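With these hints in hand, go ahead and build the complete structure from the sequences.
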Amino acid sequence: MSQTAPIPHGLPLERDAGPFDPPRDITRLRAARPVSPMVFPDGHEGWLVTGYDAVRKLMADTRFSSRQDIGIVHAAYETPGMPVPTEPSPQVPGLFVAMDPRDHTRLRRKLTGAFTVRRMKQLEEHIIDIAERQLEHLACLTPPVDLVKEFALPVPSLVICELLGVPYPDRENFQVNSAQFLVRDQSLDEKMAAYGAMTTYLAELVARKRAEPGDDLLSDLARDDDLSIEELVGIAFLLLLAGHETTANMLALGTFALLEHPEQLALLRADPDLFPDAVEELMRYLSVADIFYRYATEDIELGGETIREGSTVVVSLLAANRDPQRFDNPDALDVHRKARGHLSFGHGIHQCLGQQLARIEMRAGFAGLLRRFPTLELAIPAGEVRLRTDMNIYGVHELPVTWTESAQ
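Okay, so the sequence shown: first residue is 745 according to our numbering, each after it adds one.
Be aware that a few hints might be false.
Pair by pair, the computed Cβ-Cβ distance ranges are [to be verified]:
#: 1; residue 1: Pro-750; residue 2: Asp-813; range: 29 to 35 angstroms
#: 2; residue 1: His-1080; residue 2: Gln-866; range: 26 to 32 angstroms
#: 3; residue 1: Thr-860; residue 2: Thr-1119; range: 18 to 24 angstroms
#: 4; residue 1: Val-920; residue 2: Asp-1075; range: 33 to 39 angstroms
#: 5; residue 1: Glu-1004; residue 2: Pro-1068; range: 19 to 25 angstroms
#: 6; residue 1: Ala-804; residue 2: Arg-877; range: 38 to 44 angstroms
#: 7; residue 1: Glu-1042; residue 2: Asp-760; range: 32 to 38 angstroms
In silico DSS-like links for lysine-lysine, alpha-carbon gap of 25 angstroms or less [as the list claims (entries may be wrong)]:
#: 8; residue 1: Lys-865; residue 2: Lys-1082
#: 9; residue 1: Lys-1082; residue 2: Lys-801
#: 10; residue 1: Lys-865; residue 2: Lys-854
#: 11; residue 1: Lys-893; residue 2: Lys-935
Read the hints as simulated data drawn from the structure, not as lab findings. Quantities reported herein were computed from a predicted structural model and do not represent experimental measurements. A virtual CB, placed ideally from N, CA and C, is assigned to each residue, including glycine.
So this is what it looks like as structure tokens:
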């Protein structure tokens, strides 16, 4: 391992290698020193992990804590130029993604029954129906249209609203505020205003569920007296945010990637049985939820380096998923690839709870879209597509597409 790799000052974020690829500085760093020291914007030192094996090992090791209340929070990356707070951020009730065992275990166990593979398979036909109804709506529009607004965002929003018991007419509230919450370059006040708007809405909703439960996931949770209203709000916030933002961006960015790789698109059109593998490959190739943070609770050896207790560790899933030590020709999109070992859903105790739901949504979305619109193409040059480089979940802000009328 080279010890001469330059130590990065700040996290390289600029997508200078193309809309689908990691920043070149990240790629060079992974090749030279996959577990690398880095300097945060305020001058304190931490670590950046980019190699597949090291990322997988780190995410499976609970000595690397997910609790932001014991480490230095990463607001400097979400809002460049802002100082890192000197005090750790308090733990948010119900937000189990930022918890360690036992708290994490207690809350996650209350949700695992709702997201089993068996239950998701039972929902599959209904999810396909939701996607088909949205495709019918899309076909009634006159192109060009924005695929994000008319398809990629509505499908997972409809699904998660039905699953949780959130009234879909209220989508304007959570879509606008969740998008604002994920903006990287904003003040802490702006971020907290968006968070406050969402949690105020959700607090009213879960209180109604507790008083008059229905046939939905939030009602099931509200029946559990072991959960406080504050915990219910935190759980609802996490499930609602993750349940539509990540899949919506995968559907839009994945479509963009396929349109920019016509040979792969042709393979999918010729053989629909490839869609399950294609979804895994698109997840690996795009890694829309890229950057995660951990905090060392003791001195830990990782990738030949010693990470000292108290260190903040930045993890790049996109870099790990493009590691040539794990995947052959990793920067190529290959729908024939068996990419099941990718890390886009995380690894270890925090592996994505809703991953089977996301897979079903993506298979239904991509398969339906390509079948229904065989002449689908970008309505603007690829270089003019607005990328979500300003957001903490990557994707596109809009994806203008068109098709010939006979395609409907």
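### Query
Going back to the hint list, which numbers does this structure go against?
Failing hint: just 3.
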